[in-house]
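Asks: Chains as they are written, first to last, in the working numbering: chain A, 720 to 831; chain B, 318 to 431.
Hints are computed from structural coordinates only; laboratory data are not their basis. It should be emphasised that the depicted structure is a prediction, and the values quoted were computed from it without experimental measurement. Where a beta carbon is used, it is the ideal one built from N, C-alpha and C, also for glycine. Incorrect hints may appear among the rest.
As the list claims (entries may be wrong) - So the derived label-pair ranges between C-beta atoms look like this:
#, chain 1, residue 1, chain 2, residue 2, range
1, A, T763, B, Q358, 37 to 45 Å
2, A, S802, B, T355, 18 to 26 Å
3, B, K374, A, Q738, 29 to 37 Å
4, A, Q738, B, R380, 39 to 47 Å
As the list claims (entries may be wrong) - Residues of chain B placed beyond 12 Å of chain A at every Cβ, according to the derived structure:
#, residue
5, Q334
6, Q361
7, T429
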Amino acid sequence: GQSLEQPSEVTAVEGAIVQINCTYQTSGFYGLSWYQQHDGGAPTFLSYNALDGLEETGRFSSFLSRSDSYGYLLLQELQMKDSASYFCAVKSARGSARQLTFGSGTQLTVLP
Amino acid sequence: KAGVTQTPRYLIKTRGQQVTLSCSPISGHRSVSWYQQTPGQGLQFLFEYFSETQRNKGNFPGRFSGRQFSNSRSEMNVSTLELGDSALYLCASSLGGQSNTEAFFGQGTRLTVV
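Extracted from the complex, chain A is given alone in its bound form:
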């Protein structure tokens, strides 16, 4: 089966940097995605890593190490609006289909 582990909660102050880790176990691994979900909102796509290394998109960066089955989301210059839940998700192969399996989410609280 597939499983993902990520911390349930993280707290940081405005302007700081925070890293949310994700470890996974899966077969047929294709890539690791990150989604953000504000309370009452829909999950929105942040990033996708298929290859090892760092992908940067503005204040957000995502890292993947396939050999370690590990990735992280790095959020810099934190703002209050970054308070949300962050989910890592593994894209894996199941026959001809591709499936997204999500972690349980990390609730990020940004304090003033």
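Knowing the structure of chain A, use the given hints to seat chain B on it.
Replies: The following block gives chain B in isolation, referenced to the frame of chain A:
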């Protein structure tokens, strides 16, 4: 370009009833996936439809079923509702190709079973 539309947004049902939820994907997207979200459980994959065929299925009982129409709209049905079925049901649409990396979610249908 319109986003993913889910109807209804809120629903209250009693145990034993059945319910049908609807999802209209982004125009041109052929894949629709359904997820159940409960507090602390993340998003649990229900099933995925692509070109009217169920391509993938999660570990949910047979009471949960779905279908997809020729216009890519999808419906999800839950029969014989149980209290534990209370959750936010999300659908996500994507192009569906193997190289596709991004899924677009609707606002969800919040189902309460009483």
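Asks: Taking the hints in turn, state whether each one holds.
Replies: A quick look at each hint next to the structure:
1. A:T763 / B:Q358: 37 to 45 Å: Check failed, 19 Å falls outside 37 to 45 Å.
2. A:S802 / B:T355: 18 to 26 Å: Because 21 Å falls inside the window, the suggested range holds.
3. B:K374 / A:Q738: 29 to 37 Å: holds, 34 Å
4. A:Q738 / B:R380: 39 to 47 Å: holds, 40 Å
5. Q334: holds, 25 Å
6. Q361: It is violated; Q361 of chain B is separated from chain A by about 8 Å at its closest Cβ, not greater than 12 Å.
7. T429: Given a closest Cβ separation of 15 Å, the condition holds.
In this structure, the hints that do not hold are numbers 1, 6, in rising order.
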